[in-house]
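Trainee: Line by line, the protein sequences give chains D and P. The opening residue of the first sequence carries number 2 in the numbering used here; numbering runs sequentially from there. The opening residue of the second sequence carries number 1077 in the numbering used here; numbering runs sequentially from there.
Because the hints were derived from the structure by calculation, they are not lab data. Some hints could be false.
As the list claims (entries may be wrong) - With a straight-line cut-off of 25 Å between C-alpha atoms, the simulated PhoX-like cross-links for lysine-lysine are: (1) P:Lys1111 with D:Lys152; (2) P:Lys1197 with P:Lys1311; (3) P:Lys1297 with D:Lys327; (4) P:Lys1224 with P:Lys1111; (5) P:Lys1309 with P:Lys1224; (6) D:Lys342 with P:Lys1111; (7) D:Lys152 with P:Lys1224; (8) P:Lys1224 with P:Lys1197; (9) P:Lys1297 with P:Lys1314; (10) P:Lys1224 with D:Lys342; (11) P:Lys1197 with P:Lys1111; (12) P:Lys1096 with P:Lys1197; (13) D:Lys342 with P:Lys1314; (14) P:Lys1224 with D:Lys327; (15) D:Lys342 with D:Lys327; (16) P:Lys1224 with P:Lys1311; (17) P:Lys1297 with P:Lys1111; (18) P:Lys1096 with P:Lys1224.
Bear in mind the structure is a predicted one, so any value in this text is a computation, not a measurement.
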Amino acid sequence: MADGEVVADHDVLMIGGGLAGLRAAVAIAETSAHLDVAVMSKVYPMRSHSVSAEGGAAGAIADDDDTLDEHAYDTVSGSDWLGDQDAIEAFVAEAPRELLQLEHWGCPWSRQPDGRIAVRAFGGMKKMRTWFAADKTGFHMLHALFQTTLKYREVTRYDEWFVTRLLVDDGRVQGVVAIELMTGRIQAVTAKAVVLATGGCGKVFPFTTNANINTGDGMALALRAGAPLKDMEFVQYHPTGLPFTGILITEAARAEGGWLVNADGYRYLQDYDLGTPSPTPVLRSMELGPRDRLSQAFVHEAEKGRTTASPYGEVVHLDLRHLGEKLIDSKLPFVRELCLKYERIDPVHELIPVRPVIHYMMGGVHTDIDGAAGLDGLYAAGETACVSINGANRLGSNSLPECLVFGARSGRAAAEYAGSAPPTTAAVQAQVDDEVRRLRALLDRPAGDDDGVARIREELQSTMEEAAGIYRTGPSMEKGADAVQALRERADAVGIRDTSRPFNTELVAALELANLVDIGECILLSGLAREESRGAHQRTDFPARDDEHFLAHHLVRRADDGSPRIEQLPVTITRWPPGERVYGR
Amino acid sequence: MTDESDDNITMRVTRYRPDKNDPPVPVDYGVPLRKEWTVLDGLNHIKAEQDESLAFRWSCRMGICGSCGMNVDGEPRLTCATFLSDYAPGPVRVEPLANFPVVKDLVVDINDFMEKLPRVKPWIIRDDDVTEIDGEYLQTPEELDAYKQFSMCINCMLCYAACPVYGLDPDFMGPAAIALAERYDLDSRDHGARERLDVLIEHEGVWGCTFVGECTRVCPKHVDPAGAIQRYKVKAAKESVMAFLLPRAAGR
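For reference, chain P alone in the conformation it holds in the complex:
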């Protein structure tokens, strides 16, 4: 398959077989270096031509489904949106996303995130009880802009892989979940900010963050989870001051 006029690049891929007792080990594969090829294209070339047993997730190959996050040369990246040519002459290291248990080769277990997601109540919460739908809730373009950035998260887990706090404390709610809570808080149609704040205070959801800002730096969709966490800390701090000053209504 390889055109001899093409340059090659070595991909140093971490392999791990759960059914063997061996620890993860890097294995070198030579793949063609073409300007259109992403790291994912390289992995698919390896799987098709050299070793069909190589395990990794991928689907849309256009940076929107969030499946194909891996550590590339130590940095969390969407492999479908990361080009091999940026790593020439190589070798380029491809490893599973950091901070997650490895299932096999480049596949990690993200169930921890999937379990945290519902805890921040990422859905519209209303004070009124609308059952009949007559028309839309009005929302001006400016109101849409207020939360739009936080609605762009594709759950790719790069921010969790980059987060030093999550690496040390798996109980930390984590950047994407907090950004999503903020997305709904800022939505003019939503009345659930109070409930989400309770969850995030109660579960130590935001306090663990030390503002390293790695999450925002690696986010492929410019969501700025660090900004969301910052805003929550301010909200939570105000809340704790208020709690000292004001009596709480019964039942809250």
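Just chain D, with the same shape it has in the complex:
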């Protein structure tokens, strides 16, 4: 089979076809039409995980009862002051325009009776500013954006190509090696600039809302290419996932007035400094507190024996019954559909069993405010990236506009860079050949009977859950890090049963596993280095926030010998000095 060919050369190549990658592509097509743009993804764009986002997208509409400063403050305090405030200020300023742009591109936003955009409340937000398309917001945003990109016939798409390596020479990223899944051919596509927009890495844990494709590919590619990852210890648990499947029940269910109750039917959040119960939702209070605090409250409630046992772990219940069928069908139809299908319960009449579930990676590829990733020619946006606007805890409905704002910014910055970047160097071909040899060796490695990709992945996932769950300790993470090293050796030695080339999902799974191992290691090492509790990183051996030592990002990068090294980077504070996070009072 003809492997190792450089099949195309582009100015800018997006890796990932979700909201961030497509937004970057359109930004370039609109502003730099002379540039040659391409989008490569391991799935068709409309399969990207943006499609699963439910609740909404935050953008303060200035002429209503809201200000950009309030959105910024909510985001800063939600981040437990780890978010960079210059990035947050840019984000809140540009989010409304991006959401309007999506409106002009056909997104079916839910509306007020007079035809204007409707907004809803969301966790940790002091004003109603979350735009929504019922409770399929990500689905509608992604399809509207994807369909709009079809207008730009000059944007080349590589659907179902799995990237295995970034080509780096002369200190610059110059393209990728990828497997064209349909044929199994290993090919290279060069580009003056590459934008990573591959989404998150939830599959490093066993119980997650994330899709099968969320294996941290872009983060692992960047790390191996020499770019640092940032704040990898901050992994978000969403408080309301369905047991067994881990399917998300959107925060919008609580924004519309849903209650979280324990085994006694008691709204237990009132016991965790989140406010006092009220029959109707109160902003930044109780069920509309931030996700980190709500997930932590669940753990304490379970310790007190006030949760309910289910075949798939302890659960509490989400009560939507008082909202009535009409509201549920108009504002939360997908919640009802998912409950009926996967739990065989009707939330109009019954309680929904829920438990915290891995949902989002606050960390990611370290970038500046324009998506530049610390290696010439490399950019990142969306969940893959860590700008950081999310700091130690992301607020619900900030991630969709983040994809748009920083997708567009990265696209524009990458285009500007590509406009003046030198051509591809000849040395790149040697790297392509090297990668072909590596992948062929993996394909030729016989599979043993006693180990396999699925088994190693499962052990990695349970290791991570034990080591770095909602509450962590130094010893739990050290033990986990040792176990991950052992799993790395097994992953490096694993063989492939499927020796055929077309659509070799076993090969892809083995490569994804290697990515997950790298990500898992970064999460644990960053977590070990952070001897404090902040946002989603809660250490029972260091239970307090320690601004003196840890009001700083963690960068993790590969040393020349391959071992990870951690360093600190100061947080950018513009207008909001570190303070107490206050909810419900």
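Keeping the supplied structure of chain D fixed, place chain P upon it in accordance with the hints.
Mentor: This is chain P only, laid out in the frame that chain D set:
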């Protein structure tokens, strides 16, 4: 892994290896029959425990990404939203979606659809040339309701697998693409109905349909592509009558 107290069900999975000359062949696998398990869970169990080479697409496992369509007991289904227990005592047949070329095992080639999609211009087309965005285009909840149903398509390809016309005539634009054209036609913000109608008339886009209605019956998101096709036929018929009666402006 299998708990001995559990019942089992046989999944009869069609295997096809493109690198071998053998035709597709059904292979039986026993998997646990648990009430929470979908057909997709069964396939993942086979892949993890019995044969890691089994190839199929899946991603969100919540019925929204559209990846995991297959024929289950002869019927196009999203396997992540189809429960094994509905097929007890089995065996349950799992085959690749009909009407598409098979790439490997349960993976089919949908590039034909991906190439047709842009032809129906599924994006907002405006008469005015708005470059500065001052505010939203107003759209009342009633105007939203007019097209909402047609905006729910997840491109899962079940309707193409069920469509007898597409099976015979691959040039037929197909249910999902026509439903998407209708979605934009009905959107109060859009002015592109005329352009889309031209495309659908020119490419024989709608005429092939014989109103079997299989597309609407199998749609997991209740999009009703058959209804969209029906509406287009009426629009196209009106158009052809008008074409006889009225002179066409130059340049159209």
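Trainee: So, for every hint listed, does it hold in this structure?
Mentor: Here's how the hints hold up against the structure:
Proximity of Lys1111 (chain P) to Lys152 (chain D) is assessed by CA-CA distance (about 45 Å); at most 25 Å being required, the pair is judged violated. Simply put, Lys1197 (chain P) and Lys1311 (chain P) have alpha-carbon atoms about 17 Å apart, close enough for the 25 Å limit, and the pair holds. Distance check on the hinted pair: Lys1297 (chain P) and Lys327 (chain D) sit about 20 Å apart at the alpha-carbon level, within 25 Å; holds. The straight-line distance between the Cα atoms of Lys1224 (chain P) and Lys1111 (chain P) is roughly 33 Å, outside the 25 Å bound, and the hint therefore fails.
At roughly 20 Å between alpha-carbon atoms, Lys1309 (chain P) and Lys1224 (chain P) fall within 25 Å of each other, so this suggested pair holds. Between Lys342 (chain D) and Lys1111 (chain P) the alpha-carbon distance is near 12 Å, which keeps this suggested pair within the 25 Å criterion. Restraint check: the Cα-Cα separation between Lys152 (chain D) and Lys1224 (chain P) comes to about 22 Å, which is no more than 25 Å; the hinted pair holds. For a cut-off of 25 Å, the pair hint linking Lys1224 (chain P) to Lys1197 (chain P) stands: about 18 Å separates their Cα positions.
With a C-alpha separation of about 30 Å, the suggested pair Lys1297 (chain P) and Lys1314 (chain P) falls outside the 25 Å cut-off, and the hint is violated. Using a Cα cut-off of 25 Å, the hinted pair Lys1224 (chain P) and Lys342 (chain D) holds, with the two alpha carbons roughly 22 Å apart. A threshold of 25 Å between alpha carbons decides the hint, and for Lys1197 (chain P) with Lys1111 (chain P) the separation of about 43 Å lies outside it, so the pair is violated. Of the pairs offered as hints, the one joining Lys1096 (chain P) and Lys1197 (chain P) is violated, with about 40 Å between alpha carbons and a cut-off of 25 Å exceeded.
About 42 Å separates the Cα atoms of Lys342 (chain D) and Lys1314 (chain P), which puts this hinted pair outside 25 Å; it is violated. Proximity of Lys1224 (chain P) to Lys327 (chain D) is assessed by CA-CA distance (about 17 Å); at most 25 Å being required, the pair is judged to hold. Between Lys342 (chain D) and Lys327 (chain D), the direct Cα distance comes to roughly 19 Å. Compliance with the 25 Å bound is thereby established for this hinted pair. Taking the CA atoms of Lys1224 (chain P) and Lys1311 (chain P), the gap is near 20 Å; set against the 25 Å cutoff, the hint holds.
Annotation: proposed proximity of Lys1297 (chain P) to Lys1111 (chain P) holds, straight-line Cα distance about 23 Å (limit 25 Å). Among the hinted pairs, Lys1096 (chain P) with Lys1224 (chain P) is inconsistent with the structure: their alpha-carbon atoms are about 46 Å apart, more than 25 Å.
Checked against the numbered hints given earlier, the structure breaks hints 1, 4, 9, 11, 12, 13, 18 and satisfies all the rest.
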